[in-house]
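These protein sequences, in sequence, are chains S and H. Mapping the first sequence onto numbering that gives the first Met the number 0, position 69 (from 1) lands on 68, and the numbers just tick up by one. Mapping the second sequence onto numbering that gives the first Met the number 0, position 129 (from 1) lands on 128, and the numbers just tick up by one.
Calculated directly from the structure, the hints in this document are not laboratory data. Be aware that one or more of the hints could be misleading.
Stated by the list, open to error - Reference excerpt, derived from the structure (chain S facing chain H, CB under 10 angstroms, subset only):
#1 L76
#2 L77
#3 W80
#4 V91
#5 G95
#6 L166
#7 G218
#8 G262
#9 Q268
Unchecked claim - If you want the footprint, here are the derived chain H segments under chain S, 3+ residues with CB under 8 angstroms:
#10 30 to 38
#11 114 to 126
#12 179 to 189
#13 202 to 208
#14 291 to 303
Stated by the list, open to error - Just a sample of chain S residues kept apart from chain H, beta carbon distances all over 10 angstroms, derived:
#15 G58
#16 Q125
#17 G182
As the structure is a prediction and not an experimental result, all values here were calculated from the model. Glycine residues also receive a C-beta, built at the ideal position from the N, C-alpha and C atoms.
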Amino acid sequence: MDQTLIIGLLAATLRIATPILLAGLGEVFAERAGVLNLGIEGIMALGAILGFVVAYLTGSLWAGLLAAMACGLLAGLLMGWLAVTLGLNQHVSGLGVTLLASGIALFFFRVLFKGTANPPQIDPFQQVSLPALGVIAPIFEQYWLTYFAFLLVPLAWWILYRTTFGLWIRAVGENPQAADTAGVNVARVRYTALAISGVLMGLGGAFLSLAQLGTATFGIVAGRGWVAIAIVIFGNWQPEKVLLGALLFGGVEALQLRLRAIGLQVPYQLLLSLPYLATIVALALAGRNASYPAALLKPYKREE
Amino acid sequence: MLGWRLEKGSSPLWMRALIPVLSILATFLLTATLLVFARANPFAAFYFMLVEPLSAPVSALEVLVKATPLLLAGLAVVFAFQAGYYNIGAEGQLYAGALAAAWVGQLTFAQTTPALIMIPLMLIAGFAAGMAWALVPALLRTQMGVDEVVTTLLLNSVMLYLINGILNAYWLDPVTFWPQSPRIAPSAEFQVIVPGSRVHFGLVVGLVVMLVLWWIINRTPLGLRMRAVGLGKDAARFMGVNVARMTLVAALVSGGIAGLAGVGEVAGIHHRLLEDISPGYGYSGIVIATLGALNPFGAGLAATFIALVDVGGQSVSRQLGIPSFLADVVQATILLVTLALLLLTRYRFRKVAEIAHGT
Numbered sequence: 000m001d002q003t004l005i006i007g008l009l010a011a012t013l014r015i016a017t018p019i020l021l022a023g024l025g026e027v028f029a030e031r032a033g034v035l036n037l038g039i040e041g042i043m044a045l046g047a048i049l050g051f052v053v054a055y056l057t058g059s060l061w062a063g064l065l066a067a068m069a070c071g072l073l074a075g076l077l078m079g080w081l082a083v084t085l086g087l088n089q090h091v092s093g094l095g096v097t098l099l100a101s102g103i104a105l106f107f108f109r110v111l112f113k114g115t116a117n118p119p120q121i122d123p124f125q126q127v128s129l130p131a132l133g134v135i136a137p138i139f140e141q142y143w144l145t146y147f148a149f150l151l152v153p154l155a156w157w158i159l160y161r162t163t164f165g166l167w168i169r170a171v172g173e174n175p176q177a178a179d180t181a182g183v184n185v186a187r188v189r190y191t192a193l194a195i196s197g198v199l200m201g202l203g204g205a206f207l208s209l210a211q212l213g214t215a216t217f218g219i220v221a222g223r224g225w226v227a228i229a230i231v232i233f234g235n236w237q238p239e240k241v242l243l244g245a246l247l248f249g250g251v252e253a254l255q256l257r258l259r260a261i262g263l264q265v266p267y268q269l270l271l272s273l274p275y276l277a278t279i280v281a282l283a284l285a286g287r288n289a290s291y292p293a294a295l296l297k298p299y300k301r302e303e
Numbered sequence: 000m001l002g003w004r005l006e007k008g009s010s011p012l013w014m015r016a017l018i019p020v021l022s023i024l025a026t027f028l029l030t031a032t033l034l035v036f037a038r039a040n041p042f043a044a045f046y047f048m049l050v051e052p053l054s055a056p057v058s059a060l061e062v063l064v065k066a067t068p069l070l071l072a073g074l075a076v077v078f079a080f081q082a083g084y085y086n087i088g089a090e091g092q093l094y095a096g097a098l099a100a101a102w103v104g105q106l107t108f109a110q111t112t113p114a115l116i117m118i119p120l121m122l123i124a125g126f127a128a129g130m131a132w133a134l135v136p137a138l139l140r141t142q143m144g145v146d147e148v149v150t151t152l153l154l155n156s157v158m159l160y161l162i163n164g165i166l167n168a169y170w171l172d173p174v175t176f177w178p179q180s181p182r183i184a185p186s187a188e189f190q191v192i193v194p195g196s197r198v199h200f201g202l203v204v205g206l207v208v209m210l211v212l213w214w215i216i217n218r219t220p221l222g223l224r225m226r227a228v229g230l231g232k233d234a235a236r237f238m239g240v241n242v243a244r245m246t247l248v249a250a251l252v253s254g255g256i257a258g259l260a261g262v263g264e265v266a267g268i269h270h271r272l273l274e275d276i277s278p279g280y281g282y283s284g285i286v287i288a289t290l291g292a293l294n295p296f297g298a299g300l301a302a303t304f305i306a307l308v309d310v311g312g313q314s315v316s317r318q319l320g321i322p323s324f325l326a327d328v329v330q331a332t333i334l335l336v337t338l339a340l341l342l343l344t345r346y347r348f349r350k351v352a353e354i355a356h357g358t
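The shape of chain S in the complex, shown without the other chains:
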């Protein structure tokens, strides 16, 4: 491979990793607090589609971004009500949130763009370039949301491991009884973690429509939410390793795009499935060492 190809591959890897990284970091907060947020795929769709709808109607990308985050927040709180307050089965209620969120998103999309064959286009966020030397300069031509996502990794690490709030999150995810005894409000910490997860998932979805594509389509999230959940397990619930998982998925996807471009004699749809298969393989390799938060999937009810 020549130099420009590799540079292009790296640049694409960072871009493709962005939405998965954002959603994945959100999922880290939720799962570290002991709640599996399977609403992820639907919350991303909500962020992508409603974020786009609002940006289209108001003419402001920022308004769209805010709307996506607000929708994510609400969906995160709904997940909290179901999993924390009611203590329902997290698998089923999470999938319920996914069905509900994507159903609502598609409903509004159809109501507003009735009868238009092609979805409307907007001017998406532009890439900004960081000063860099010569040939590697194209790697640093990214959307600012990409830079933001990568900066979130050390921030998430710092919050989880260096702040009291992070300590609470890990405590309620490992041993809610002990945390409760120590005076931590288990429900409030879990709600907050789910709210954070929802906002980041909404943001991840909005990146797809407001930056990468400049439009919204029905299958816009296409399983990226499930990939985000996989890389959280792969990354052993640690932000820095989740970043590694996101880059791995992004790398395989970017490679797949290049293979398509050089006209490999394989149906391109099969290449499209490569990143998902690679994620499963990576999961299998990391699977043995996975150390799940001990209280994951377990609702906490205070003894009375």
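Starting from the known structure of chain S, arrange chain H on it as the hints suggest.
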């Protein structure tokens, strides 16, 4: 002071019977906001969704047509969930079954083989393909402890790309350029069982599977061991149950049943494989299994109801110009509302005198 208190204990039967009514009422109130936004009358919308389809034989039978794949997908989920295996991959396994059925049905020998052989062959091929697609996540779970929820979800995406690729690369219609498989042989087609409708033999398959599953789960040692694993793996292991083997059996049979749902859509409805043969039946299967309280007969009722919402969603769309995604929203809302209300059946309200605690 007197107050009402929630206490643990099973609720009276009338309250449990009230749950479906309350669920539908609450769902109506919650989704009415969407309908008002879309400038539609919520009462009219729900009339067209839940009542109008049942008022004419043609559309009422169409509900049964829709209920066929939904019932099988729901039963697949019931079987896995009973054993504590969260198979969220019914959608992919359904497509695997559809792919196998479409392939077997269009082979040259199918043209000269009688239906008596072809129909069982289609069912076996579909069941085996669904099992095969469920095998990898099941093995990863039992051998390496990899979470099946994630792997089955990822494999759904993989299967959709696979189907897309196969149809576009190998079965693309050379004349129309439609991505669809060749038509299956007439002897491989499921018979219509109600003349003048699309209700086909697949419904019989679904009902038989429903009865067999009920029998296995409630009346056999295998079912007992499976449920023991579902209730608690450590306790089951202590009872001497081979947990890994039970999990594997539950996962594979579940995948096979989901595969049958795909066979029904190919052999009974479309007579070929199309890209969008399932609008998410596999995911609806999770809704159906949950609403049916993981009981095969409950799944039967729930499948019929969700089929009504689906057919009704089309009808609302036609009559009032509302996006048919309303059906998805109603489905999800009913699921969440019912789950929340079911909690109430585990408690009872009791009038108590509040005692001032030292807290």
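Each hint tested on the structure:
1. L76: violated (13 angstroms)
2. L77: holds (8 angstroms)
3. W80: Given a least distance of 9 angstroms, the restraint on S/W80 holds.
4. V91: Interface hint status for S/V91: holds (5 angstroms vs cutoff 10 angstroms).
5. G95: holds (5 angstroms)
6. L166: violated (26 angstroms)
7. G218: holds (9 angstroms)
8. G262: violated (13 angstroms)
9. Q268: holds (3 angstroms)
10. 30 to 38: Three-residue rule met by the segment 30 to 38 of chain H, so holds; n is 3.
11. 114 to 126: violated (count 0)
12. 179 to 189: With 0 residues in contact (Cβ-Cβ under 8 angstroms with chain S), the coverage given for the segment 179 to 189 of chain H is violated.
13. 202 to 208: Result for this restraint: violated, n = 0.
14. 291 to 303: Coverage by chain S is violated for the segment 291 to 303 of chain H (0 residues, Cβ < 8 angstroms).
15. G58: holds (21 angstroms)
16. Q125: Holds, because the least Cβ-Cβ distance between S/Q125 and chain H comes to about 30 angstroms, which exceeds 10 angstroms.
17. G182: The assertion about S/G182 holds, with a minimum of 14 angstroms to chain H.
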